[in-house]
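Trainee: These protein sequences, in sequence, are chains Y and B. In this text, residue positions in the first sequence follow our numbering: the first is 2, and each later residue adds one. In this text, residue positions in the second sequence follow our numbering: the first is -6, and each later residue adds one.
I should point out that these hints are in silico values taken from the structure, not numbers from a laboratory. A hint or two may mislead.
To be verified - Partner residues are not named here, just some residues of chain B that face chain Y (Cβ under 8 Å, in silico):
no. : residue
1   : F99
2   : N104
3   : I107
4   : V108
5   : E112
6   : F113
7   : T114
8   : P133
9   : G167
10  : E282
To be verified - Here are a few chain Y residues that sit away from chain B, every Cβ distance over 10 Å (derived from the structure):
no. : residue
11  : G57
12  : E90
13  : I104
14  : K117
15  : K129
16  : E140
17  : Q158
Using N, Cα and C, we set each Cβ at its ideal position, and we do this for glycine too.
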Amino acid sequence: MILKTLTLAILFILIFSRTVHADSSYVLPYPSFMPGNPLYKVNLIKDEILKYWYFGSFGQFKYNLKQADKYLVEAKTLFEYKQYLLGSEALKKSDNFFTQTTINLNTARGEGKDIKGNFLILKNAGSKHIEVLSKLGNEVPESFTWSPEKKKPTILQLKKDIDNSIEIRKKHQ
Amino acid sequence: MNLIYGLFLLSLFFFSYLFIDQNFFYLKSFYSGLAFTNRDQVSILHTVFVLIFFLIYSQILKNIRMFNIPKVKLLIGGTVGILIFSYPAFLSFDIFNYIATAKTLFFYGENPYIVMPIEFTGDSLLLFTHAANKIALYGPVWLGLTAIPFFLGFGNILLTVFSFKVFIALFYLGTVYILWKMTKNLYSVSLFALNPLVLIEILMSSHNDIVMMFFALFSFFLLSKKKLVLAFFFLLFSILIKYATLFLLPVFLYTAVKVIKKEKINWQKIFFLSFLSMFVIFLLSHFREEIYPWYAIWFLPFAVLILKRKIILYISLAFSFGLLFRYVPFMFYGTHFGITPIIKNLVTFAPPFLVLFYYFFKNKLWLKISP
């Protein structure tokens, strides 16, 4: 009886399981505090302080990549919740931090440091970012008019922004 | 006696050079590979060296009454003079980790708590540094202090290695001096200063535990002089070297309150509590990773301050003895796995256990043996 159940269970797993493969081995962080959360500002202060803790060209590279990852995840989450204005802002921040990583690596190279290892990390990160952004590009509308109360509406070119972010990743890989 | 001791130290000095790493190309001409090809002979040699070292140590302690201050100074000075030139990575590679971390900070300008030495591909240090894939393990005060020996090495690895050795040896001498100031007892000082474990782990392997303990002892010394602020400052210094002395904080605060209240302080009790605190953290390290032989440096200075409690002294010496045999199973088998950890624990705990057994049952034993 036990053997029968076990065989059936294994067969069930084999039949109904599907192959899952990750597109990129690079792992993005979990979403952190989102705008609106009282701790979001505290987190911003923490990040500002951490900038000085991550000194040195490699340190700055790690910091900027970490921030680029963090804001990409933030943008993704906000877009999923249709918070397009905040999402766009987060994406712009991620772009800026990602651009900085290349500058950091160039500085490191100028200092005589071997950047091969970190360059590979950046390449993998870039691939992962592009993967996430491409998926996101299919889910968001072409453009969106954000009309807050008592303020001028803003037209967000969401698709264009995401394409631009992908280009930045491609350029800096 | 002096001649035998001197010759023994010289033999130990030569023995250390059998362990030169093949990748440590700066001493390529001294490389023999014997320690890695003749494992059984080297294990026996190490065992014999430890046994002889303890035999000489016991003889010195036995005859300490015949020694005057200049003679003990000569003994300690001579020991430092010989062992300072020994190969430091014969039992542990920590000195290379210290240098690699210092280089990450002072040469590459990177935060060693963020960036690992292994990230500097192509650096020759990576050839022989064993924990290059770790961020800095030690406190910021230690990192700051390493600037001194690192810059005194002028970028030359051999000079840097010996600069670190001298730096650590100075803290050893400082600790011995404080012990002398606290006890004015040649026996107590010699118990610590000439302990084979202390000499091997500090003067040969150059572990920074002595730096941490120097500041901890100095803190208690200042406390005895009622210099509270300075004492706290130095304890903090000690904690920020390797964190273990954080366990001394409750004892320190208890003593500080007594000093503030101008109450009479029983220093024997304070040192006993300090010993216990450091002994507990020493034993707890078994659960964190493993008990490394140099961790005995955490409680040994306090053990020699409470000579009246004989059992403490005996257990401390038994641990000093047993811990030095922890190296043998790896020397012999060349692996950290299999039977190695079991033998390591056996040799560490058997001597103190036997001492305890003898101490508590000696009367009953003698009663049975004697007619």
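Trainee: For every hint, state whether the structure bears it out.
Mentor: Going down the list of hints, with the structure as the test:
| no. | hint | result |
| --- | --- | --- |
| 1 | F99 | violated, 11 Å |
| 2 | N104 | holds, 5 Å |
| 3 | I107 | holds, 5 Å |
| 4 | V108 | holds, 5 Å |
| 5 | E112 | holds, 6 Å |
| 6 | F113 | holds, 6 Å |
| 7 | T114 | holds, 4 Å |
| 8 | P133 | violated, 12 Å |
| 9 | G167 | violated, 32 Å |
| 10 | E282 | violated, 26 Å |
| 11 | G57 | violated, 3 Å |
| 12 | E90 | holds, 27 Å |
| 13 | I104 | holds, 16 Å |
| 14 | K117 | violated, 6 Å |
| 15 | K129 | holds, 20 Å |
| 16 | E140 | holds, 35 Å |
| 17 | Q158 | holds, 37 Å |
Comparing the model with each earlier hint shows violations of hints 1, 8, 9, 10, 11 and 14; every other hint is respected.
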